[in-house]
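Trainee: Chains A and B, in that order, are what the protein sequence lines are. Mapping to numbering that gives the first Met the number 0: the first sequence position 219 is 218, numbers consecutive. Mapping to numbering that gives the first Met the number 0: the second sequence position 139 is 138, numbers consecutive.
Don't take every hint at face value.
To be verified - Between beta-carbon pairs, the in silico distance windows are:
| id | chain 1 | residue 1 | chain 2 | residue 2 | range |
| --- | --- | --- | --- | --- | --- |
| 1 | B | Gly209 | A | Pro18 | 28 to 36 Å |
| 2 | A | Phe241 | B | Asn211 | 51 to 59 Å |
| 3 | B | Asn211 | A | Pro18 | 25 to 33 Å |
| 4 | A | Glu96 | B | Ile307 | 33 to 41 Å |
| 5 | B | Gly209 | A | His181 | 18 to 26 Å |
| 6 | B | Gly209 | A | Glu208 | 32 to 40 Å |
| 7 | B | Ile307 | A | Arg178 | 42 to 50 Å |
It is worth saying that the hints were derived from the structure and are not from the lab. Don't be surprised by glycine CBs; every beta carbon is placed ideally from N, CA and C.
Below, each chain spelled out in residue letters.
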Amino acid sequence: MNDAILQIRDLVVGFPGRPLHQPLSLDLPAGSRLGIIGGNGSGKSTLIKTLMGQINPYQGSYRWQSGVRFGYVPQENQVDLLYPMSVGDLLNMGMIEDLPRWRRSDSASEAKLRETLNEMEISPLRETLLRELSGGERQRSLIGRAWISKPTVLLMDEPFNSLDYGFKEKLWRIFAEWRSKHPLTLILIDHDLNRVLNQVDYLAVLGPEGSLCGSAGEVVQAELLSRAYGAPLHVHRENGLFQVHFL
Amino acid sequence: MSTGRTAYFRFIFYSLISGLLIFAGYALRPVESSLFTESWGLWREPILAGILCGLIASWLGIYVLLNRIVFISLGIAQGASFGIFLSFLVAAAFGITLHESPFSLLAGLAVALAAAFLFAGLRRGRRLPDESLIGFIYVAASGLTLLIGDRVAEGHHSIDDLLFGNAVAVGSTDLAILAGTAVALFLLHFAFRREFLYSSADPEFMALRGLNSRFWTFFLYFTLTMGITFSLKTLGGLPVFALMVIPPFISLKATQGLRESFLVSLLLGATIPPLGYFYSYVFAFPTGASLIGVACLFTIASFLEAPITRRLAERKRAR
Chain A
0 MNDAILQIRD LVVGFPGRPL HQPLSLDLPA GSRLGIIGGN GSGKSTLIKT LMGQINPYQG
60 SYRWQSGVRF GYVPQENQVD LLYPMSVGDL LNMGMIEDLP RWRRSDSASE AKLRETLNEM
120 EISPLRETLL RELSGGERQR SLIGRAWISK PTVLLMDEPF NSLDYGFKEK LWRIFAEWRS
180 KHPLTLILID HDLNRVLNQV DYLAVLGPEG SLCGSAGEVV QAELLSRAYG APLHVHRENG
240 LFQVHFL
Chain B
0 MSTGRTAYFR FIFYSLISGL LIFAGYALRP VESSLFTESW GLWREPILAG ILCGLIASWL
60 GIYVLLNRIV FISLGIAQGA SFGIFLSFLV AAAFGITLHE SPFSLLAGLA VALAAAFLFA
120 GLRRGRRLPD ESLIGFIYVA ASGLTLLIGD RVAEGHHSID DLLFGNAVAV GSTDLAILAG
180 TAVALFLLHF AFRREFLYSS ADPEFMALRG LNSRFWTFFL YFTLTMGITF SLKTLGGLPV
240 FALMVIPPFI SLKATQGLRE SFLVSLLLGA TIPPLGYFYS YVFAFPTGAS LIGVACLFTI
300 ASFLEAPITR RLAERKRAR
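Sequences and hints are given; from them, build the entire structure.
Mentor: This is the structure:
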């Protein structure tokens, strides 16, 4: 083995007596991008939680390279909004191990905080309570929290939810910039096949009828995708980009 | 954490309310108020103990409210009471009179910790609402206390004081123990403030950051139990419950940040007990009830304060 940051062998996630998809196997190289797609209830979020170690696999196994640092953007905000936490507090959660124990902050932490606030374009919201944010502002804050500690693996569950179109496009550029400066493996879930297809190196398509896992070039074939989705679809390339249409 | 204009305003507001209450006491009962001041030496230890209990309860109460376990202090208090009864019963079986022995407090603490950990463990399953779990612990401890209560011939007066608050009989040893407990709790909570807060605000994310949420939850419950049990011995069950609920409730109603929440709650926790003692003396109210009455007056005042604080915060954001 190799420089695979993640090895998956015949992995199935699910609940007792209820597997959610067909077995998956993959060696994911460090620094690559994996997209996880599938219909509602196909096990996408469960797969990510399994890979984070929060749920035991239904079947099969996975192994992370040692020394991996995780960042995670959940599908929905899970921070209890009863807590009067500000955006600054939320980002501090992401770098708790870097904060001084007896002081509020230090220059290094403060610099990281400012940098991340700027990248997410939420600097004016630093002192704003989370419960007073719009959905999009909260989503940017959650992405900032996941990123601030410079993880080596960034797991994101539908990170584009609630974001306006302009920032969605910008987010891909931000990911590319992060990957250019820092060793980063991206694993993201999205229900929008076309949004993810052309931005990732590897795809895992989850479906009860069939699941696929492999390089994007291998997986993006009409017959294979139709079987996985359980619905006929058409794949074509336009200007070098894949487009998928359900028939 | 934000602390700014709104925090200053709230500090000033509640300080003024405290001043107003003192003034009202002096205006309505000038003779008794003067006697209270002259007999300060008699009240010094109880008031200091009350302040320490108020600080402990109002700080821990923030976690209690944010974790939505408001009645946990009653459950733990009832568990502690049962532990104390049990210690008297066991001692009596060996022909020992406990009276004011620290053994009874340790027994109460042990049972209270068991109750708190039981709750924390059951809560993790998340199949039942928290109130039902607390209710179970409260009812079970109360029932068990009643079962053995009749068999405890000695010490009912001490136990009554524990349950209903004998906030005036505080010796220097009790005060020293309480001060030590307060210092230890505050040091622990300050040192691990982020672990306590973040692991309960988003346990899933913090588990990914390497924080053992289960450990920090149990540790939080441990400190809650220590704070409640030691405060019980000074103030009694209902006043401790009131201080654990009302200052945080007032603070969180209009708070603009975490730091402000704790500071305003602490201010109220330090102010309500001495005012309660003052009113108790001046108007001849029972001490515990007087403390709760003063807390309720602050709650009424908070309905005036909260809209102003929110308006100040909105204006600050608009700039």
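Trainee: Please go over all the hints and tell whether each is borne out by the structure.
Mentor: Hint-by-hint comparison with the structure:
no.: 1; hint: Gly209(B) / Pro18(A): 28 to 36 Å; result: holds, 30 Å
no.: 2; hint: Phe241(A) / Asn211(B): 51 to 59 Å; result: violated, 43 Å
no.: 3; hint: Asn211(B) / Pro18(A): 25 to 33 Å; result: holds, 30 Å
no.: 4; hint: Glu96(A) / Ile307(B): 33 to 41 Å; result: holds, 39 Å
no.: 5; hint: Gly209(B) / His181(A): 18 to 26 Å; result: holds, 19 Å
no.: 6; hint: Gly209(B) / Glu208(A): 32 to 40 Å; result: holds, 38 Å
no.: 7; hint: Ile307(B) / Arg178(A): 42 to 50 Å; result: holds, 49 Å
Taken one by one, the earlier hints fail for this structure only at number 2.
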